[in-house]
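Number of protein chains: 2
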Amino acid sequence: MSLLALLAALAASPEPPTPPAKALAPAEVVAAAPAADWVAIAPSDLLVMDLAPDASPDAAARPRRVVIQLLPAPFSQGWVGNIRKLAAAHWWDGTSINRAQDNYVVQWGDPDGEDKAKALPEGLAVVPQSEYEVTDWSQLKAAVAHKKGEAIFVGDVAQEWPEYASMLRLANSQDSYSTKTLIVGGFPVGERLNDRSVWPIHCYGTVGVGRNEPPDTGTGAELYAVIGHAPRQLDRNIAVVGRVIEGMEHLSTLPRGTGDLGFYKTAPERTPIRAIRIGTDVPDLPAFEYLGTESESFARYADARANRRDAFYIQPAGGVDICNVPVPIRRRK
Amino acid sequence: MSLLALLAALAASPEPPTPPAKALAPAEVVAAAPAADWVAIAPSDLLVMDLAPDASPDAAARPRRVVIQLLPAPFSQGWVGNIRKLAAAHWWDGTSINRAQDNYVVQWGDPDGEDKAKALPEGLAVVPQSEYEVTDWSQLKAAVAHKKGEAIFVGDVAQEWPEYASMLRLANSQDSYSTKTLIVGGFPVGERLNDRSVWPIHCYGTVGVGRNEPPDTGTGAELYAVIGHAPRQLDRNIAVVGRVIEGMEHLSTLPRGTGDLGFYKTAPERTPIRAIRIGTDVPDLPAFEYLGTESESFARYADARANRRDAFYIQPAGGVDICNVPVPIRRRK
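The listed protein sequences correspond, in order, to chains E and U.
Plus 44 on top of the position in the first sequence (first one is 1) and you've got the working numbering.
Plus 44 on top of the position in the second sequence (first one is 1) and you've got the working numbering.
In short, the hints are calculated from the structure, not lab data.
Quick caveat: nothing in here was measured; it's all calculated off a predicted structure.
Misleading hints may appear alongside valid ones.
Unchecked claim - Between beta-carbon pairs, the in silico distance windows are:
1. ASP325(E) / ARG376(U): 53 to 59 Å
2. ALA133(U) / PRO330(E): 47 to 53 Å
3. PRO312(E) / ARG318(U): 48 to 54 Å
4. PRO316(E) / GLU257(U): 54 to 60 Å
Unchecked claim - Far from chain E by the CB rule (all over 12 Å, computed), these chain U residues:
5. ALA99
6. ASP154
7. ASP156
8. PRO165
9. ARG236
10. ALA311
11. LEU329
12. PRO330
13. PRO360
Stated by the list, open to error - To give an idea of the chain U side of the interface with chain E (calculated C-beta under 8 Å), a few residues:
14. ASN147
15. GLN218
16. ASP260
17. ARG276
18. GLN277
19. ASP279
20. ARG280
21. ILE289
22. GLY291
23. GLU293
24. PHE307
25. PRO312
26. THR315
27. ALA319
28. ALA355
All C-beta atoms, glycine included, are put in the ideal place defined by N, C-alpha and C.
Same shape as in the complex, but just chain E (with noise of 0.2 Å):
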């Protein structure tokens, strides 16, 4: 299908559900939605970052956890499978985080390189560039069908599945990276129509595996957090494996390294890693959930991010790109 053509069936698509009568702001609308559109994230899906406290009188008291959710399948599994033998050999722990830049990354991992100090694991997979990505749409209907809050958002995806084509336009997304952006499996991705590919995208709070040059693609021993506006360059080009849902602040508020990419010039700038496990390895671990992507109040939701018509706003935008619509999570009440 051309542009052209895909323009004009989308000028044809159905208008985005009525707003009701009061406006509410989004997050408005998340707190009014019912329980039984949010979806339980299992712990087996989490990753858990303990750093050390930091050097402030009362930090104790303070603990500093990052929960990451890790990417589902069709995608990354890959590195995700390796992401898991790593936490289950306590690989991470006594690591550190050895870089954040501005606006970029906040990056984790063995100080002195991945090939250098620290032996890896046996068994972890050397993973191919062609995982950075998914052609194979028959895996991403058996990832995703006859699972509520799994459902696929906007997009020519939708096209194929008549049962999501209500969402059609929601987000009224241009997008300069893809064709089109959908919300897969509750994660936000990029299609491309001319090959049908479908791949994982980069926003604030995403985590993913660093690697050398190509064709290096990584183990997953290393990781980085997105930390500024979204780079969507790195997409297709390096593994996506999950997001924050917790914590992110004590990434986000870490100092600037004053090294090159923002490299810390020396170990006492480095925050120590305490542990990183599954989350099923975690006590004390609160249940998450998030709000289902196939749920009327998600409808509304991403339609409240491109359209805010509380009483705040003078001029709704019309339209929102993909990072703006952060699938809602907290924590199972």
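Since chain E is already given, all that's left is putting chain U on it; use the hints.
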């Protein structure tokens, strides 16, 4: 011009310049730019904020200075004029940073609110909402004509000014919030074709004017800086007045507030502001310059941002959003 006609016109427009034989990263393109491609920023267009040192033992050795470039005419000049008066009156001295909301903004001014504790200087303008946009393009033309480096970047403004047509399509930018994005006077703006409106947009580091609910538009005494993904929904709803060009890390790493909207709950959490001055009143201020958007260097830089072909990358994006083409700014050599 309809959207379809616009796209057809774009499809027929010239290709971007051929990339150099050796693929440079964007920072390398900038480093290689000749001196003539750089445009001096007048000290009278800078706002310099000095924060109190932090609590660490060696803090005095690390001054926390934030340098902001004010938006040029024809944008937001009512608020910019107020800001000049507030700085001349030393109004901000002794105020504080009162809010830090993760992935959103840091905000400063009178901690007790604009209408309560501290009297504002006389003669501040009450700026109408209509000033959020510029619809008189003769103002735009007057602002940029015959000023090297103050040119138009992409878009239909360029079609009206054939001398800038060669820069059309460079960024291949699709935007959810405007018909098209441009750079005018060195600053990113959005353009809406149906009513010929142009307005400054929010990116990482953008500085804007806090306000109460409409019809209030704020005076400029309450300011914020964006510390996360571009909150483009604020465009045309709030006054953009500038951008941070140095010292951004002193804002982005501030502890996040734990009150509603990231406001600090207690006074000791606030960072005191020692002084805010216009650059001409700061004796030790270095000179700054930006890479002129009319230059061949800028064209190469924008192309490299949209199509990373340096060694680390395997798949150039083929496009870029306007907030991922920050105008390069540096201390003048």
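Status of the hints after comparison with the structure:
no.	hint	in the structure
1	ASP325(E) / ARG376(U): 53 to 59 Å	holds, 54 Å
2	ALA133(U) / PRO330(E): 47 to 53 Å	holds, 50 Å
3	PRO312(E) / ARG318(U): 48 to 54 Å	violated, 28 Å
4	PRO316(E) / GLU257(U): 54 to 60 Å	violated, 46 Å
5	ALA99	violated, 8 Å
6	ASP154	holds, 20 Å
7	ASP156	holds, 21 Å
8	PRO165	holds, 26 Å
9	ARG236	violated, 9 Å
10	ALA311	holds, 17 Å
11	LEU329	holds, 21 Å
12	PRO330	holds, 18 Å
13	PRO360	violated, 8 Å
14	ASN147	holds, 5 Å
15	GLN218	holds, 4 Å
16	ASP260	violated, 10 Å
17	ARG276	holds, 7 Å
18	GLN277	holds, 5 Å
19	ASP279	holds, 7 Å
20	ARG280	holds, 5 Å
21	ILE289	violated, 13 Å
22	GLY291	violated, 10 Å
23	GLU293	holds, 4 Å
24	PHE307	violated, 15 Å
25	PRO312	violated, 12 Å
26	THR315	violated, 13 Å
27	ALA319	violated, 23 Å
28	ALA355	holds, 5 Å
Checked against the numbered hints above, the structure breaks hints 3, 4, 5, 9, 13, 16, 21, 22, 24, 25, 26 and 27 and satisfies the rest.
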